[in-house]
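Peer 1: Listed below are the residues making up each chain.
There are 4 protein chains.
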Amino acid sequence: MQDKKVKAGVIGATGYAGIELVRLLLRHPHAELAAVGSVSFEGKTLGDVYPSLYGICEMTCVSTQEVIRLSDVVFACVAHGMSEDFARQCMDAGRVFIDLGADFRLREEEDYTFWYGGTYQYKDLHEQAVYALPEINREAVKQSRLLANPGCYPTSAALALAPALKAGLVSPQGIVIDAKSGVTGAGKALSDTTHFPACNESFSPYKIAVHRHTPEIEQTLSDAAGQRVKIVFVPHLLPLNRGILTTAYSKTLPGADEEACRAAYEDFYRDEPFVRVKPRGEAASLKDVRESNFCDISLHFDERTDTLIIVSAIDNMVKGAAGQAVQNMNIVFGLPEDAGLGMIPPAF
Amino acid sequence: MQDKKVKAGVIGATGYAGIELVRLLLRHPHAELAAVGSVSFEGKTLGDVYPSLYGICEMTCVSTQEVIRLSDVVFACVAHGMSEDFARQCMDAGRVFIDLGADFRLREEEDYTFWYGGTYQYKDLHEQAVYALPEINREAVKQSRLLANPGCYPTSAALALAPALKAGLVSPQGIVIDAKSGVTGAGKALSDTTHFPACNESFSPYKIAVHRHTPEIEQTLSDAAGQRVKIVFVPHLLPLNRGILTTAYSKTLPGADEEACRAAYEDFYRDEPFVRVKPRGEAASLKDVRESNFCDISLHFDERTDTLIIVSAIDNMVKGAAGQAVQNMNIVFGLPEDAGLGMIPPAF
Amino acid sequence: MQDKKVKAGVIGATGYAGIELVRLLLRHPHAELAAVGSVSFEGKTLGDVYPSLYGICEMTCVSTQEVIRLSDVVFACVAHGMSEDFARQCMDAGRVFIDLGADFRLREEEDYTFWYGGTYQYKDLHEQAVYALPEINREAVKQSRLLANPGCYPTSAALALAPALKAGLVSPQGIVIDAKSGVTGAGKALSDTTHFPACNESFSPYKIAVHRHTPEIEQTLSDAAGQRVKIVFVPHLLPLNRGILTTAYSKTLPGADEEACRAAYEDFYRDEPFVRVKPRGEAASLKDVRESNFCDISLHFDERTDTLIIVSAIDNMVKGAAGQAVQNMNIVFGLPEDAGLGMIPPAF
Amino acid sequence: MQDKKVKAGVIGATGYAGIELVRLLLRHPHAELAAVGSVSFEGKTLGDVYPSLYGICEMTCVSTQEVIRLSDVVFACVAHGMSEDFARQCMDAGRVFIDLGADFRLREEEDYTFWYGGTYQYKDLHEQAVYALPEINREAVKQSRLLANPGCYPTSAALALAPALKAGLVSPQGIVIDAKSGVTGAGKALSDTTHFPACNESFSPYKIAVHRHTPEIEQTLSDAAGQRVKIVFVPHLLPLNRGILTTAYSKTLPGADEEACRAAYEDFYRDEPFVRVKPRGEAASLKDVRESNFCDISLHFDERTDTLIIVSAIDNMVKGAAGQAVQNMNIVFGLPEDAGLGMIPPAF
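Chains as they are written, first to last, in the numbering used here: chain B, 1 to 348; chain H, 1 to 348; chain E, 1 to 348; chain S, 1 to 348.
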């Protein structure tokens, strides 16, 4: 562990992921918030934008360059397509760069082009970038200075399915991932679908089978299965602020009984500080992980149909974004992995 | 159509399905609310229990016998296991009986015994009972005097999947039904899971792969497919009052392209007053059906995985309970099928 | 009553008040929706804007002129400052004009100038305009062809306080009106304060003591009291869709005991179809009036402090906007006052 | 500051205030959770009752006696009438006792008898008990071993009004306190009014002018004013989990202009770690204090009516219960007053 605090800077600090990161960093025992950047609010204080921070953090938003200059680690919370340049600058300046966007998540450029449009500008950066899902990829994260923080849906889906695929207990074919996210997942930008009277007391799917997180999920699951995995992925919008609950359906392979499945998950997550495999008979719930970095996973074995149903629950803004980014920073800087992440989910 | 109004009685009028039925019947142009029964609130007025009815309907709750005596049609909104006796009395007294509970929904007694426990007391009644999902079974409903009003989840699931199965466009194997219901589905009885601070801002599945509506769904889908269909069915609890949204996943069979699928649904529901097949590119949403008797259905064809995703949305208390019961009453009594069911979903 | 249906047109039909009005008019027994206008969505159908109307009303939005041409009565649901011209055109064309905005609510131009800015363009129109709160002003409404439909807060506040002031039971001094509104009150336009994650699980006052509905409330209460009444008025934003609950505090005058107060309200509202004075011991609640045209009022006498506390509850989009507008149309056209307004508040 | 951690025990740990206290104590740097008691769940673990704590705290609920035996400080989160005996035992055993209930809040036994029923059993305890609102009474808290933690409404109301009354800026007559609380204020016990479908999308006042927190508020405000203060107090139930927002109305006395009022509050709260007086033009909001120990206060001067409107916002379960109890423990044990209370309100 370092003697002095890690200087952390946040680009895009006034977006939802950014401000949650600010909140975590302000209470981190081994890091200090060195600078915050915002294009929309440059020159304003965080308290101007979020009155909840009044009197707590009145730091003024500065330019991206200033954030990079002042920080040991730079977190980027910006729209896809913007991070490559920031990464270039950070690498050149010797900073650690943790991207909360999509620019470095997909190994294959053609996947990126197909799902996001655009091409990879700096191929060397993509070669050194690591997909930073610690439970899957911790050793690589430790060695990296350019980290692609996973998407919220992919975090929940990968943690739900990777153990069973890796253990060869379920078929890589025919996996269905039905996911439900709180409204913060849509971010701070106003839209007709996130206007209160429109989404309150409502519920619906969106981007059915065409959501951009699909290739990211498939990439991780293919790695786990050791073969190409294609999934059906349908996200839905929940009328609540935080959380993603994923219900994943997979066909069990012969010999995969309930005990084998449970054992595979308990093994896989035995020493993980942030994954809780729920006891038999209990179901993962958003309530139990809210505002924490936990991912709760419950396993349900349907003998009638030879289906393993896996339910995972995370807070989309914590384990699905800012918390996982802090977890990755901790790993890279040799800090205790749970430093600054001791939040206990409130009971209500 | 009859000259005078149908006298309608409601047993279990103070439960959620019961009181919604009361509300619909009070504004029905060809029916009148003849009597309301309640074991818990006998002797009290409906306004005592639901202040929203103050000054609108101050009818006093009477005994079951009194309801049967005063009514042409008796709706039973009671726990399973209680309806058989009421049905017996109604048949003997020449009343039409519409059961909103589960007692007459399953054709096979062994299914009932397996999923609900208990046995069938009056086998003759079960022989004459009709599973009253009008879009599937309208002709039988017309001839019947003992109607099993479908469950809420089964209504949404059956309407979503029956057309594709019937047309042989999707495989009867491997169907996944991921359903999400509002809290009124759990009824008026208090419970830890429906206490406001517990379910507000939360979301979770329950009775995973063991929900009692499973055999009812399978019965209807098996009929449609012409072969035994087994499904994986997982219900979830949404933090909102009303509605069930079902996301159903089925493997398309060779030759089943998007146009064929869409045509099958448009054919199936062409003349239906309460089913709306959404235009291509739009998704069914709870918002659009709330407090109405509509079932909205949207079709999504995933070529990547040969999957037909069908989304259906209903108001669980209307098309999923009281509204469908009124629709059935209208059919039995030769009234316009949409009489008293002209509710337009509010925009917010 | 007329032989044929009243032709009703709605300007601003795609806003929240407008679309609620459309919904009510589509089920009105003695009116027909003749035309809908929208500047933002001209050429689009209502179903394009509100998918809930898909298959129910696919009317296309036309110009204001076209709405006026096709209608017997024109409802204007537009921002303040826009209605004067529409009113001019309607009067010239012999139409009835019902303005749901603020342009014709204030008798004194100087009040309008102070609170809204701008001046009165057509003074003759303001002279013939009637403040159309039927419970206070029914006879004038009957004779009028230019109606100022009251604001949502003023409806709830005036109905709460007018009887006590008129009867001389409470002091016109020191009245406090603490009001709470659902988010639909802020309309369809997007804003930071109505973004779901911002107002969900939150609550706060706004425009404290400077809300534009203040002079409108004072105008009505001054009329009732027979002297100038000044109030403190603080609105708050509730995290729910519909409803305004107003808690009004007034000092009782000597001799005004509980019975006298209750008698005054029961007298005042004895024959009113839409005002329900709650029995002693019960409190008005938003739940009990939602989606109906009712105004529930409860009276609470605090002997410790000589205060009469009056609670009123309305649906802000119905009795506070579209429902009251229909009620006014009914009065003007000699229709039954409750025609098309028989909605029973749902129990949940 | 002590060398070793304070051993803290919680009686009634499975209620809402209790479990929030557990959550705070588990992360307190200078305290350790020594024991948890529960009558309803004795022998069960906290994780059995609140799955959110699974893997975090699996402490088993023990008897009250055991809690007292193992603790330096005992927090009681029990119904009124139960704490006197526990206080007796704690005093006899040399423990510090912090009561989150009402038993020791009212100085005058006759007030307690009038509002709660029952009498004071141990008068000596009531003599040594201190009303532990730190911002008002910090010095007394420091010396005390028997602390009455204030009620949630009284905390919000007293902090809102005490500075103005103490400074003689507003009249002690005619104060109106209109307060709105989230549903956790009603606790964990099930009730018809806290059943999700009943309070979701609803809002209403309750216990109008007869709520038991009235005398507690009056006691504190009378102390501040130096004379008997009587208030009108109306609480309302908000459809959200956490928070109390209080809107207080008071008549300004001659000479009390806006600057004088603002200066009085800024003086009063200058060094307070948990009270934030908002800048001119901003209003306190529940969003900005949620899950923190802050009390935000905003001042609004209405010249039209000579009224000072004060808005205060707290999290009812933190500053209104568990957080304030920890703050009091910190004071009594000479710990930094904000130890374990550094929670930053989430932005969403």
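Among these hints, one or two may not hold up.
Claimed, not checked - Each computed DSS-like pair below joins lysine-lysine, with the alpha-carbon atoms no more than 30 angstroms apart: (1) H:Lys230 / B:Lys166; (2) S:Lys166 / S:Lys142; (3) B:Lys5 / B:Lys44; (4) E:Lys230 / S:Lys251; (5) S:Lys123 / E:Lys207; (6) B:Lys207 / H:Lys207; (7) H:Lys230 / B:Lys278; (8) E:Lys166 / S:Lys278; (9) H:Lys188 / B:Lys166; (10) B:Lys230 / B:Lys207.
As the list claims (entries may be wrong) - Looking from chain E toward chain S, a few residues come up when the C-beta cut is under 10 angstroms (computed): (11) Asn137; (12) Ala140; (13) Arg212; (14) Leu245.
Calculated directly from the structure, the hints in this document are not laboratory data. Quick reminder that beta carbons are idealized off the backbone N, C-alpha and C, glycines included.
Peer 1: Given the proposed pairing of Lys230 (chain B) with Lys207 (chain B), does the C-alpha separation stay at or below 30 angstroms?
Peer 2: Holds, at about 17 angstroms.
Peer 1: Verify the proposed pairing of Lys166 (chain E) with Lys278 (chain S), using a straight-line Cα cut of 30 angstroms.
Peer 2: violated (40 angstroms)
Peer 1: Regarding the pair Lys5 (chain B) and Lys44 (chain B), is the alpha-carbon distance no greater than 30 angstroms?
Peer 2: It holds: about 26 angstroms lies between the C-alpha atoms, which stays within 30 angstroms.
Peer 1: Let's test the interface hint: is any C-beta of chain S closer than 10 angstroms to that of Leu245 (chain E)?
Peer 2: Interface hint status for Leu245 (chain E): holds (5 angstroms vs cutoff 10 angstroms).
Peer 1: For the hint on Asn137 (chain E), just tell me whether its beta-carbon gets within less than 10 angstroms of chain S.
Peer 2: Violated, about 25 angstroms.
Peer 1: CA of Lys123 (chain S) to CA of Lys207 (chain E), is that 30 angstroms or under?
Peer 2: violated (49 angstroms)
Peer 1: Is the hinted pair Lys230 (chain H) and Lys278 (chain B) satisfied, with a Cα-Cα distance of at most 30 angstroms?
Peer 2: OK: Lys230 (chain H) and Lys278 (chain B) at ~27 angstroms, within 30 angstroms.
Peer 1: Next pair to validate is Lys188 (chain H) with Lys166 (chain B); report whether the Cα-Cα distance is within 30 angstroms.
Peer 2: Roughly 45 angstroms separates the two Cα atoms, so the pair is violated.
Peer 1: Check the hint pairing Lys230 (chain H) with Lys166 (chain B) against an upper bound of 30 angstroms on the C-alpha distance.
Peer 2: Measuring from Cα to Cα gives roughly 28 angstroms; hence the hint holds.
Peer 1: Between Lys166 (chain S) and Lys142 (chain S), does the CA-CA distance stay at or below 30 angstroms?
Peer 2: holds (22 angstroms)
Peer 1: Has the given pair, Lys230 (chain E) with Lys251 (chain S), been kept, meaning a C-alpha gap of at most 30 angstroms?
Peer 2: holds (14 angstroms)
Peer 1: Is the interface hint for Arg212 (chain E) satisfied, with its Cβ closer than 10 angstroms to some Cβ of chain S?
Peer 2: Result: violated, 14 angstroms to nearest chain S Cβ.
Hint check: violations occur at hints 5, 8, 9, 11, 12 and 13; the rest are consistent with the structure.
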